[in-house]
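Each protein sequence line maps, in turn, to chains A and B.
Just so you know, the first sequence maps onto residues 21 to 682 in my numbering.
Just so you know, the second sequence maps onto residues 21 to 682 in my numbering.
Keep in mind the hints are simulated off the structure, nothing from the lab.
Treat the hints with caution; some may be incorrect.
[Stated by the list, open to error] Computed footprint of chain B on chain A, listed as stretches where at least three residues anywhere in the stretch have a Cβ under 8 Å from a Cβ of chain B:
id	stretch
1	180-193
2	315-327
3	380-388
4	566-575
5	598-606
Heads up, the beta-carbon is just placed ideally off N, CA and C, and yes, glycines get one too.
So the chains spell out like this:
Number of protein chains: 2
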Amino acid sequence: MSSFPAGAGPVDNSRSPHSLWRTLPLRDVAITDGFWAERRRVNREVSLAHGYAQLEATHTLRNLRLAAGLESSAALESGAGPANGGFVGYWFADSDVYKWLEAAAWELANGDEPLLRTEVDATVALIAAAQQPDGYLDSYFQIAKPGERWTDIDHGHEIYCAGHLIQAAVAMQRALGEDALLAVALRLVDHLYATFGPTGRDETCGHPEIEMALVELYRTTRDPRHLELAQLFIDRRGRNRMRGHAGYGAVYQQDHVPLRAATEVAGHAVRQIYLTTGATDLVMETGEDALLAAMHTLWTDMTERKLYVTGGIGSRFDGEAFGNPYELPTDTCYCETCAAIASLMWNWRLLLLTGDGRYADLFERTLYNGVLASPGLEGRSYLYVNPLLVRGGRYVRASTDTGDGAAMARPAWHSCACCPPNVMRLFSSLQHYLATASPAGVQIHQYAGAALHAALPAGPVALTMQTDYPWQGAIRLRVDAAPGSAWQLALRVPAWAPEAALTINGEPVAAQVAAGYLHIERAWQAGDVVELTLALAPRWLRPHPRVDAVRGSLALLRGPLVYCFEAQDQAAGVNLLDVQVDPAAPIGEAPGAAPDAGIALELAGFAAPEGAEGELYSFAAPGQAVITPAPAAVQLTAIPYYAWGNRGISSMRVWVPVAPTS
Amino acid sequence: MSSFPAGAGPVDNSRSPHSLWRTLPLRDVAITDGFWAERRRVNREVSLAHGYAQLEATHTLRNLRLAAGLESSAALESGAGPANGGFVGYWFADSDVYKWLEAAAWELANGDEPLLRTEVDATVALIAAAQQPDGYLDSYFQIAKPGERWTDIDHGHEIYCAGHLIQAAVAMQRALGEDALLAVALRLVDHLYATFGPTGRDETCGHPEIEMALVELYRTTRDPRHLELAQLFIDRRGRNRMRGHAGYGAVYQQDHVPLRAATEVAGHAVRQIYLTTGATDLVMETGEDALLAAMHTLWTDMTERKLYVTGGIGSRFDGEAFGNPYELPTDTCYCETCAAIASLMWNWRLLLLTGDGRYADLFERTLYNGVLASPGLEGRSYLYVNPLLVRGGRYVRASTDTGDGAAMARPAWHSCACCPPNVMRLFSSLQHYLATASPAGVQIHQYAGAALHAALPAGPVALTMQTDYPWQGAIRLRVDAAPGSAWQLALRVPAWAPEAALTINGEPVAAQVAAGYLHIERAWQAGDVVELTLALAPRWLRPHPRVDAVRGSLALLRGPLVYCFEAQDQAAGVNLLDVQVDPAAPIGEAPGAAPDAGIALELAGFAAPEGAEGELYSFAAPGQAVITPAPAAVQLTAIPYYAWGNRGISSMRVWVPVAPTS
């Protein structure tokens, strides 16, 4: 069906010269059971159909039909109107279709699904029909701004949309071996290369995204122009020419400073981390030290000064941006779902490049918390913004399209619908992120019920992973096939685990953790069983003293899961705005009160009596405690953060104040 | 010169049936010396000329010249361009001219100033020339959107601008007895009444402001249509028809609920409090209980849940809005200067209506801190946003027109220039807010070096007030003239004062404070001297435990002044991000280190060594303190918050973490 190779997942670094660890072909890993199997079942059976229906209901697919001439704007009901040629939605809405299509492609590789197959075929045909003869494709400019293509590179998102199209096309090729969409993408990329290539316009898109897409396209096509264009788009950024919008300045689009000279993650968080992700992809191909050094600098800035405990990033609604160092409010944090996904993508590439378990640890923290809190457990709703503190059922805004802070539920969709299909494509391809291989062996990064295959130089390896992770810390790996000669099995030991016990065929083995991994070299035999047991006891995390927003408070973790306290689980009369905890109190485990919430945590705490409001500021009497002890002993229940907001949105808090020492 | 009475200040409730206390004619109070005399000198000698120059430099006056046909848009340099008919700036920029003119009018009543007089005359003539024959006046719609007047009541700000014109016209009439601008305003109000009056369009402006202006106009003209129109504009709000902007919803414009049913201050803070101010003015005329009850409810919500310690209001950049209850971040607070001024205006009217000193206390807190921090001490720069915590010289944005958070100074002006002339008109008329009279006597609300006159039913009273307030707590009042019969002198005792000592002619007098005032009834004689001494010792304020943003921190006050710690005053090596204080440590006083900063406060504290950054989140070991004590004993210096940012903008904090009990 195609002249290009198929089989790889979202990142194919099998021929990248500067990678330590290589991704496995998509079908060489299967998530078979357990926690992620269930989340992926919901994504496959519910979310993808929901997404397609929403793309239709919001006119997003119709925009492409209008561009293709398959429908006339006159057919629109009044109101959607003749303005903008009938285009409805944000001007970059095509990208939602492409992200959904990418998700669907990965999902069809997981197993055929006739209805989804039909929707995919129709969507591919629609996109091809919408493309103009010279390769240009962007339904907004085609129908709303005819004649104005490439006139607003800073804000027009045409190149951004092209990036998402390329990713969908690469997914169709890799997942299904089908190159119809890839042909569309290649025509568009030819057009881009002619327009913005080395002899073209010296510009780059206001919203980074295409950089990683072009590197990935290069990995499939080996066409050096594709890598060259990615490099050009990265190198042209940082000349302080873009003007952001609404006064945000060039930093909004990371145009304030060349990437190699940047010392801080700044501006629009998704833009920033899509950019670093593409740059890290580029480093895997070029090995450029200066760019890699910048990645280290920016990662340190993000993780030491601008990261939420959930893995979320982006402190500000204003500009959807990173804040200043330590500006990490919990009530008005933005923590856009797409920004967390961008962080996953970036950390994955840094892991492939360096083999440092810190990246896999942050991937895990972000996956189970910052990302997983977005989709409703039922698979038909998504948070765009992910707060860590909600007072009294009210929240700033779930996205720009919700109202005035009144009590609300997780929205079914968003007028800016970037997040839902981003979650879908991640979940559909999640097996990609479990394990890698190198000439020396196999590395396991994320733990889930799975079957894994890897073609080592010595011969094929097959492994079965059994675990009830993240609820239980026991991970059992059975060797199903092995070449006979020695190779290394590397198992990640998360930094959150105070203890990790290892047995091989039932015998305890002492092994050293290096850079976050246990490396066990052995001439493995079929039937060998490795058991890793990570201690999952709940632990309290405390913030750096500069994080003013959560001073004097602690957050509860159990394994990779950040926990939160939600009003629905507390006793009558306990207001989460008034609780305090004693970090020395024992923490019990109980079946999850919320649906699909696994294990709940229970502990004794304190609360002020209801109605104890009073003065906002009062004079401190000499010797008076700054923090008043809450008098009433109460029982508190915590659930995993990802499960919050599935019973309506009420009070919720991740960080809990500590009771003054009694 | 005019058929209407002159002499009153901004609020003339001399004939309002539902006021307890009455404002004094503007010239009956003179601020003669001391703290406010100097701030007003700068405002008069520097700021007003700066404002006029900025109105010219930003093309704001030229917009009116274009509307008047006195200049042609063809005369504009390229760039300012023919777009919008040559209009430059925000579509509501006329209001900046009107506010400046109001300030200038009050200032000319304080004493003639030939240059200012010339500018005022030119501006009045310009406004009159710009008015259309049917009374309509709005330079934006006249030149940028001809034929579109009154097509965008929600966002067009035409009625808002009319409100500011009315206030300027009333000021010209009252301060100077000149009715040329009042004639313009009356023509515009006739046009408004015909368009939006009882038989006109059933709409109200998206930005409240005109309500208070119309009540004030009624107080001058006694034309019942003016009061009627104010009432209509208030009554028509709250039908959930406005759509805010950028998805904020009707709450942005307080259209989500009828004002009488509102239980929370919400949405755009300036809009909200301009609305309550106008409504309180209306209550002074109508005595309506339902509206007054709503005012009490909203004031309680604001002061118990949504108020900064500086008197600032508006927690969010996003929508320039009030936050949810207890959402009071210090780094990303908005605290727009205009919102603080709106709060002053509202509290003043509530005080006049009720005689409750809580309103005068909040007026004082807001004046000395939330408002006074806006203007630079030199009088040529203004903060729009007033943060309580700035880390490392970076701040979110001073307003929409500054850049990317880099180190900066107080801006000279703002593209949305509402705040600077708002400060100017307040300062120019500040004597209005010092004292009131009632049939029973004279009430002193704010303390300053001043000469006061009041015409009591019993006869004229003259008082001289001498004080070095707010630096010293001694206030000396000398009776210069008195009718001979008994009357009551009421002196405010702020709630922040732990002690207040009173003497009359040197003899201590025991007097009860009732609702925030000492009431001393006596047949005062010329030469009587009353001395009130308020204890000004520095005191620590602690926050309500629900104010997560400042948990475990204290704020330092001395008298009415909130203090802050600014990097420039600390010893080398002390980083304000890492300091802690001991509330039991003695606090010394020293001459202000910053210019015009009066008295600085000095205290021993603790700091972490520089460079002690490290992990953002770390596991708390059992028994480990949640907050790590800062090891180094250091000396800390605090200056009044109003003086911050006058030596460049570096780290600054109002709330300081408390050291763990040692």
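Checked hints:
1. Counting residues of the stretch 180-193 of chain A whose C-beta lies closer than 8 Å to any C-beta of chain B gives 0; at least three are required, and the coverage claim is violated.
2. Residue count for the stretch 315-327 of chain A with a Cβ under 8 Å from a Cβ of chain B: 4. That meets the three needed, and the coverage hint holds.
3. Note: the stretch 380-388 of chain A has 0 residues with beta-carbon separation from chain B under 8 Å; the three-residue rule is not met and the coverage is violated.
4. Requiring three or more residues with a Cβ within less than 8 Å of a Cβ of chain B, the coverage given for the stretch 566-575 of chain A holds, as 10 such residues are present.
5. By the rule of at least three residues with a Cβ nearer than 8 Å to a Cβ of chain B, the coverage given for the stretch 598-606 of chain A holds, with 3 such residues.
In this structure, the hints that do not hold are numbers 1, 3, in rising order.
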